[in-house]
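Residue numbers (the numbering used here), protein chains in the order written: chain A, 23 to 303; chain B, 468 to 755.
Note that these hints are calculated values from the structure, not bench results. Just so we're clear, the structure is a prediction, and the values are computed from it rather than from any experiment. All C-beta atoms, glycine included, are put in the ideal place defined by N, C-alpha and C. Each hint can be trusted.
To give a feel for the contact side, a few chain A residues facing chain B, derived at Cβ under 8 Å:
| # | residue |
| --- | --- |
| 1 | 49 |
| 2 | 153 |
| 3 | 257 |
Quick list of simulated restraints, FRET-style, between CB atoms:
| # | chain 1 | residue 1 | chain 2 | residue 2 | range |
| --- | --- | --- | --- | --- | --- |
| 4 | B | 735 | A | 79 | 50 to 56 Å |
| 5 | B | 552 | A | 56 | 23 to 29 Å |
| 6 | B | 530 | A | 69 | 35 to 41 Å |
| 7 | A | 261 | B | 671 | 44 to 50 Å |
| 8 | A | 36 | B | 476 | 54 to 60 Å |
| 9 | A | 90 | B | 487 | 45 to 51 Å |
| 10 | B | 606 | A | 56 | 21 to 27 Å |
| 11 | B | 491 | A | 221 | 28 to 34 Å |
| 12 | A | 90 | B | 476 | 51 to 57 Å |
| 13 | B | 656 | A | 134 | 42 to 48 Å |
| 14 | B | 699 | A | 92 | 29 to 35 Å |
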Amino acid sequence: MTDPLAPSPLMAMLRYGLLSVLAFCVAAPLAWLCLASLSPQSEIFQPVSDFSWSGLIPSRLTLENYRALMQTDFPMAAKNSAIVALATVVCGLVVNAMAGFAFAAFDFRGKTLLFVLVVASFMMPFEAIVLPLYVMIRAFGWVNSYQALIVPEIANGMIIFLFRQFFASIPKDYYEAARIDGASWGYIFLRIALPLSWPTVATASLMLFLAQWDSFFWPVVAASDPDYAVIQVAIARNINFEQTNWGGLFSSTNLAIVLGTIPFLLTQRLYVRSLVAGGIK
Amino acid sequence: MNYSRWTPFLFLAPALAGLAVFRFAPIVVAGAGSFSGMTLTGALEFAGLENYRWLLTDPAFWDSLRITLIFNLIINPLQLALAFLLAMLIFQPGRGIWVYRTLLVLPMAVSTGLSAVLFKLVLDPNLGPLNGILEWAGIGAQPFYRAAEQAMGTLIGIATWKGAGYWMLFLLAGLHAIPASVQEAAMIDGATPWQRFRLVTLPLMRRPMAFVLVADTAINFLFFAPVYILTGGGPNGATSVLMFEAYRSAFTFSDIGRALAISSFLLAILAVIIVLEFRLMRSPEDRR
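Chain A with its partners taken away, still in its complex shape (with noise of 0.2 Å):
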C-alpha cells in the first residue's frame, strides 16, 4: 500500500520542475561569475548585440586573472580583511564567552534585565547606529585604523547569547564539585566550560568571521583609506572607477565570496540550527 501522505506523481514532477527553475535562478548569477573568472580576459564578457549561450563556456580555463590580482590592491585588502577577522575572532571568543558563563552559572541583580539588554543589542541591526558611532569614533582619533574596525565589533549580543544557551544546559553540579576540590572560577571556566562548549566555540568563530569579512557599511564609513581597506570596500571602489581591468574584478568577487562560503557551507549545519534558535526559541 502506498504512503497516504506521499504526493502524486504529478505533484512530485511540479515540485521537481519548480525547485529546478528557482534553484537555476539562484545558482546561474555564481556559476557564470565562477566560470568568467577562470576564462581568458578577451572572453569574459561577450556584447549583448551578439550574444550566444556557447560564449558564456570560457573556451580554455586558465588562471591568468587570479595571477594578476597579486599586482592589484587585492593582496593588500585580504590581508587587512585577515587581521581585522582574525583579531575579531580571537578576542570576541573570550570575551562573549565569559559573558555566556556568567549568566549561566551565576545568579546577581539586575541579571534578567541585562539580558533583555544583550538580546535587544543583536536584534537591533548594526547599520542603524553606524553615522552616530562615526561620530564617536572620529572623536577618539580612531578613523582609518585597525582599531575602529576591530573594537566596535568585538562583543556581540548573539554570541553572548549563543554561549549562555550552552553553558546553561551543563548541570551546576558539575562547577560545584570543582569548587569544593578547590577551583578558582577562572579555572572552571577557562578548562571545564569552555573545552565543553566546542561546537558553540566554531559556530561563533564563525559567525565573527563572517560578521567581518562581509561588513561593507561601516568599514566604507571608518576606514575608507586605501591602506586600511577590507576586501569589501576595495572591490566596490574598483567597479566604481572606470573599469578596464575586468579580469581582476572578476577573479577578486569570485574569491572573496569563495572564501566566505567554504566556512559557510563546512559548518552550515551547525550555523543554521543555532541562527534558528536564536530567532525562534
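Put chain B on the given structure of chain A with help from the hints.
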C-alpha cells in the same frame, strides 16, 4: 554556590562595556547630536529642534521617506511569500532535496556588498549576460538600475535573491515544529491537501511568519550597500532610501546634525519593531 558578589561582574565587564560603548552609547549620541549643528569652524553647538524643523520642511526627506516605505511595503511581503513557497517545496523529504536546499541558501553566504557587485556585472547594459539573454529571447535589453522606473525593482530583485533562502530556514524550522499527528488527524477526518494547507499548516505558521516579516522589515528599513554600489541614490533620486540619505548628509554635505536626525528617526522606528519582535518571541503560554 559560593562566589563573591563581584565574580559575575568580573566575567561580564568586558562584554557589557563593549555593548554599552559601541551599541548603546551611539543611540544616545544620535539623539543628542540631532539637536546640534556644525558651525563653520567644525565645532558642534546646540541647535535645539533646528535639524528636525529643517528635515520636516525638506522635500528631499519626504521623498526619501516615501521611497523607503514603498520599498518596504513591496519587498517584505514578497520575501515572505517566496520564502514560504521555498519552505513548502523543500519541507517534505525527497531524493536530492538537500542539493536544492544547499543551492537555495547559498546566497546567504554572499555579502550584501558582493551581491550588488555581482549583479552590477550580470546586469551591465552593454556586456552583461542577462541583457544578452533578453536580446536573444526577443524581449530586448533593459536598462535595469540605470533607469528611474526600473532601479527600485532591480534593487528589490537583488535583495530577494540574497534573502529568500535565508528566511526560508526560519519557516522550515516552523514547519518542522508542527506535530505530524496534527496533519494525520486532519487526513483521517478526510481533509484534502488544500484544506490541510489552509486550515492546519497556515494557522500554525502564523508566528514564524510574523517573526520573519518583522525581522526582515528591521533589516530592510536600513537598506544601504546596494544603493551605494549600484545607483548612488539615483537615477533622479529614485532609490534614495533613508539610510543612504543619512549617509549622504554626513559625507557629501558634511551635515552631521541632519545625518543624526535621520538616524534618530530610523532608531525610533526600529525600537517599535524590536518591541514587536520581543512579543513574538515570547511563547504564547506566557502572553497574557
